[in-house]
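> Single-letter residue listing:
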Amino acid sequence: MVDGARAYGLIVAMWVRSTVAYRASFLMAVAVNFAVTGLDFAAIMIMFTHVDALGGFTVAEVAFLYGTTGMALGLADLLLGSMDKLGARVRDGTLDTLLVRPVPVFFQVAADRFALRRLGRVSQSLLVLGWSLTQLETAAWSAVQVALVPVMVLSGTAIFGAVFACGAAFQFWAQDASEVQNSFTYGGNTLLQYPPTVFATELVKGVTFVVPLAFVNWLPALRVLGRDDPLGLPGWVDFASPAVAALCCAVAAAAWRRGLRGYRSTGS
Amino acid sequence: MHAARLALVVAVGSFRRYATYRVATVAGVVTNTAFGFILAFTFTALWSERPRLGGYDLPQALAFVWIGQALLAATALMGGGAENELQGRIRSGDVAVDLYRPADLQLWWLAADLGRAAFQLLGRGVVPLAVGALAFPLALPTTPLPWLLFLTSVTLGVVVGFALRYLVVLTSFWLLDGSGVSAMSGLLGVFFSGMLLPLTLFPGAFGETVRLLPWSSMLQVPADVLLEVRQGPDAARALGFQALWALALLGAGRLLQRVAIRRVVVQGG
Amino acid sequence: MELIELDGLEKVFTVRRSAGRLRRTRHEVRAVDGISCTVRRGEMVGYIGPNGAGKSTTIKMLTGILTPSGGRLRVAGIDPARERTRLAGRIGVVFGQRTTLWWDLPLRDSYALVRRLYRVPEARYRANLERCVELLDLAPLLHVPVRQLSLGQRMRGDIAAALLHDPEVLYLDEPTIGLDVVSKAKVRGFLREVNAERGTTVLLTTHDLGDIEQLCDRVMVIDHGRLVHDGGLDALHAAGESERVLVVDLERPTAPIAVPGARFVRADGPRQWLAFPAAASAAPVLAAIAARYPLADLSVREPDIEQVIARLYTEGRDGGAGPSGRG
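Chains as they are written, first to last, in our numbering: chain G, 1 to 268; chain Y, 1 to 269; chain S, 1 to 327.
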C-alpha cells in the first residue's frame, strides 16, 4: 500500500511534467476546463431565472448540492479518472509492460495519464460551494453541520473513486464498456446536483441501497440543510457516508483483484 | 462521379466498422438511457412549476430530452467522431501519407463520419428514444412528414458537427496534443446545442445569440422540426440555417486545411 | 546453476468462437503444451517458432504476467505467478514494439523513474547508466524527448531501461525488429557485452536468424506449444538445410554468375540472386564474384526462421530423421 502510493506519486509527477511539456495546450486546457465545467451550473442558473424553487429547493440549496457532488467527482476524477483507459491498454497489450514492474498494477493504472487540468472542475465546484454557503439561510451553523461538509466531500470522493475502480475492473472483461461507468460517475454527478425530491422514489431507492451514490451528498446534505429525506430513513444514516465509502472501496478492491486474476489467467 | 462512389464506399466501410463495436454500443445505450431518466425527472419538476416554459408543454419537453439522448452519439457532440483517428495520425505524423492519397482529405473524413453517424443513429438512438417513450408521455408525431424533415435536419446537423470537429482536430497541427481542445469543444457543444436545457429557455440577447450559433443545428433545430414547433416555411428556414452553417464551416475547414498542409509540406512531415 | 526451471509447463486458453449468428462454441487451445527445460545462469538462449506457436505465452508466464494452467515454473527460485512484483525487481523485460519510455519526456527522465521505481542505489544506478550510455551510444539522446527518437534509438533506450536495476534475467521480445543494420549491430554487441560482463542470462524471441547466430549458443524451437528442438544453431541449420541469399547488383546485365559454393537462383536485369548454405561464410563467395564480375552493390539476406523451421519439419517427416538427427 505504502509502496503503491509512493509509485503513484512518482508516476503522477512524470505525467505532470509530460503535460507541462506542451505548455500552450496545457494552460489553455486548465483555463477552459475551469470555465467550461461551469456550463452545467450556468444551465441550472438559467432554470432558476424561470422558477424560484426546484422540487422545493432554492437556488442556494441546489448550488450546495452542486458544489459538494462536483468537488467529490472532481477529486475522484483527478485521482483516478484515467482508469477508464484500462480497456485500451488491455486491447493493445501495453498493460503487460505495467505488470513486469515491481509495484502494484492498480496504482500504476490509477496514475496513468494523470491530467492536472482536471483541477478545473474541482476549483469551479469549490467556488460554487463557497457561494452557496454565503447564500444559505441556515440561521446558525452547528458544529455537526460544519463538520459534515468536508466529511461529505471526502467520503464522496472515495465513493466516486470506488465507482471508477469498479468500472476499470469491469473492463478486464469488456474492454469496450468504458462508457457504462459514465452513467454512474458523470450521470451520478448530474443526478446529485438536483434535490432528491425531483426524482421518482424507485430511483432514489436505487441510488441509496444498490449503488449508494446518495451517500455522496444527498443524505448528509439534507441534514445540513435541515430537510427531511424523502425515504424517511433513520437519522443516523446521514452520518453513515464514511462507512459506506469504506464499504465501496472494499468492494472495488475485490472487483479489481478478481478482474486482474481473470486477466492473468486468460491473457485478454 | 468517381468521388461520390469513393465517398459511398468509405461511408459504408465506416458504418460496418462501428457496427462491430457491439459492447461499446450497448454501453453507450445504457448511459444515454440513464442520462435520459435523470434529465426527464428534472424537466418534469421544472415544467410542473412553469407549464409552458420555453414554448413547450411537458410532453414536448420530455420528448426534447429523449431526442437529445438519441442524437448525442450520432452528432458526436462530446467527441468520438471518425476524425478522432485523424487526430492520432496527425500526432504520429502518418497524416503526411494521407496527403498523397488521390482523395480529398476533408471529404474522406466527412464520408467516414457520415457512415459512423448513420450507424450510431440506429444503434444508439432508437433504443433510448423507445425506452423514453415507454416510460414517459412524449409528444412525438404520428405522421411521416415531420420524421422525414427530422432525418434531413439530423443529417445536416451531423455535417455541421463534423465541420466543427474537423476544425478542432486541425488545431493538432499546431498544438501537438489536441485532446484537451477536443474535450473542451465537446463540453461547449453540449451546452450550446441545448442538450442540458432547450435554447429557448436561455434569456434575452444571450438566448438570441445562442440560437444563431452552429451548435443549435445539432439538437435544438432537429428537435423543433420533429416536435412541429417549426413547420411549413419555418421548417424550411430551419433547414436552410443548418445548410448555411454546414457550408460556412466546411469552407473554413478547407482554408485551415490548406494552411496546415503547407505547414506539413514545409516541415517535411 | 539453474536459473530458470520449467517442468511440464502448460497454458490452456478457452476460446469462444461464434458459430453461426447466435450460437457460440467453446473450445480449448493449448498454447503451451507441456514444456520442460532448464536454463543455466549466464546462458544466452534464442526462443523461436512461428507466430502463434506459444512463444509470447511462455514469456508471459516466465515474467509472471500469466498464470500457468499446469506444470511447475521457477525463475531465480521464485514462482512468478505467486510473487510477480518480487520477481519484477530481478528481471528485465523488453517488449519489442511496446516502449516503456515516457513519450513526451527526455530519455533521462524515464531512467530516473526506473531508478526510483526499482529503488536502485544511486551509485549503482550511475555506474549502470554510464555503461549503457557508453555501449549503446546514448549520450546524444539523453536529452531528447522519446517521441523524436528513431525506432532503433528508442529500442536502444528501452534495452538500457531494462538493465538499470541489474536484472539477473533479461527477456527480449523481437529486439531487432524493424531496426537498421547499424542499430542491429549495436544492440547485438551490447547484449554480448552485458552477458559477458555481468553474467546476465538472456532469453530472446526473434524472427531474425542473425540475432540467433550472433548471440545465442542455444536455440529452443517451439511449435504448437511444444519444444521441438533444443540445442545448438548448427544442428538446426544442418537439420533445416537453410540457405542465405546473396543479392548482387552488377554494373550491367551478365550471364548467370557461376562461382563455387553458391547456386544461381534468378536474375532481373543487372540484379542476380545467389543462394549459399547458411552455415558457410559469405566471404569466399564474395571474393570470387568480385574478382570475376563488374560488382556494383550487394546485400545478404538471412534465411527466414519460419522457412528454416518449415523445412525442418518436412525433412523430419519425409526423411524419417528426427529434427536434430542429421547434425
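Bear in mind the hints are in silico, worked out from the structure with no lab data behind them.
Beta carbons are placed, not taken as given, at the ideal position from N, Cα and C, and that holds for glycine.
A couple of the hints might just be wrong.
[As the list claims (entries may be wrong)] Here are the simulated distance ranges between beta carbons:
{"#": "1", "chain 1": "G", "residue 1": "L126", "chain 2": "Y", "residue 2": "R17", "range": "41 to 49 Å"}
{"#": "2", "chain 1": "Y", "residue 1": "T142", "chain 2": "G", "residue 2": "D228", "range": "41 to 49 Å"}
{"#": "3", "chain 1": "S", "residue 1": "D137", "chain 2": "Y", "residue 2": "A96", "range": "39 to 47 Å"}
{"#": "4", "chain 1": "Y", "residue 1": "A3", "chain 2": "G", "residue 2": "T197", "range": "25 to 33 Å"}
{"#": "5", "chain 1": "G", "residue 1": "G262", "chain 2": "S", "residue 2": "S36", "range": "26 to 34 Å"}
{"#": "6", "chain 1": "G", "residue 1": "R258", "chain 2": "S", "residue 2": "S36", "range": "26 to 34 Å"}
{"#": "7", "chain 1": "G", "residue 1": "A140", "chain 2": "Y", "residue 2": "T142", "range": "52 to 60 Å"}
{"#": "8", "chain 1": "Y", "residue 1": "A19", "chain 2": "G", "residue 2": "A246", "range": "37 to 45 Å"}
{"#": "9", "chain 1": "G", "residue 1": "L126", "chain 2": "Y", "residue 2": "L212", "range": "51 to 59 Å"}
{"#": "10", "chain 1": "G", "residue 1": "A31", "chain 2": "Y", "residue 2": "R237", "range": "34 to 42 Å"}
{"#": "11", "chain 1": "G", "residue 1": "A246", "chain 2": "Y", "residue 2": "D104", "range": "53 to 61 Å"}
> For each hint, tell me whether it holds in the structure or not.
Right, here's what the structure says about each hint:
For the hinted restraint 41 to 49 Å between L126(G) and R17(Y), the CB-CB distance of approximately 42 Å keeps it satisfied. Restraint check, T142(Y) to D228(G): a C-beta distance of roughly 43 Å satisfies the suggested window 41 to 49 Å. Our hint of 39 to 47 Å for D137(S) and A96(Y) is violated, since their Cβ atoms are close to 28 Å apart. Taken as a hint, the range 25 to 33 Å is violated for the pair A3(Y) and T197(G), whose Cβ atoms sit roughly 57 Å apart.
Checked against the given bound of 26 to 34 Å, the beta carbons of G262(G) and S36(S), roughly 28 Å apart, stay inside it. A hinted range of 26 to 34 Å holds for the C-beta pair R258(G) and S36(S), which are about 32 Å apart. A hinted range of 52 to 60 Å for the beta carbons of A140(G) and T142(Y) is consistent with their spacing of about 58 Å. With their beta carbons about 43 Å apart, A19(Y) and A246(G) fall inside the hinted range of 37 to 45 Å.
Evaluation of the 51 to 59 Å hint for L126(G) and L212(Y) yields a failure: the beta carbon distance comes to about 34 Å. A hinted range of 34 to 42 Å holds for the C-beta pair A31(G) and R237(Y), which are about 37 Å apart. Checked against the hint of 53 to 61 Å, the pair A246(G) and D104(Y) passes, with Cβ atoms roughly 58 Å apart.
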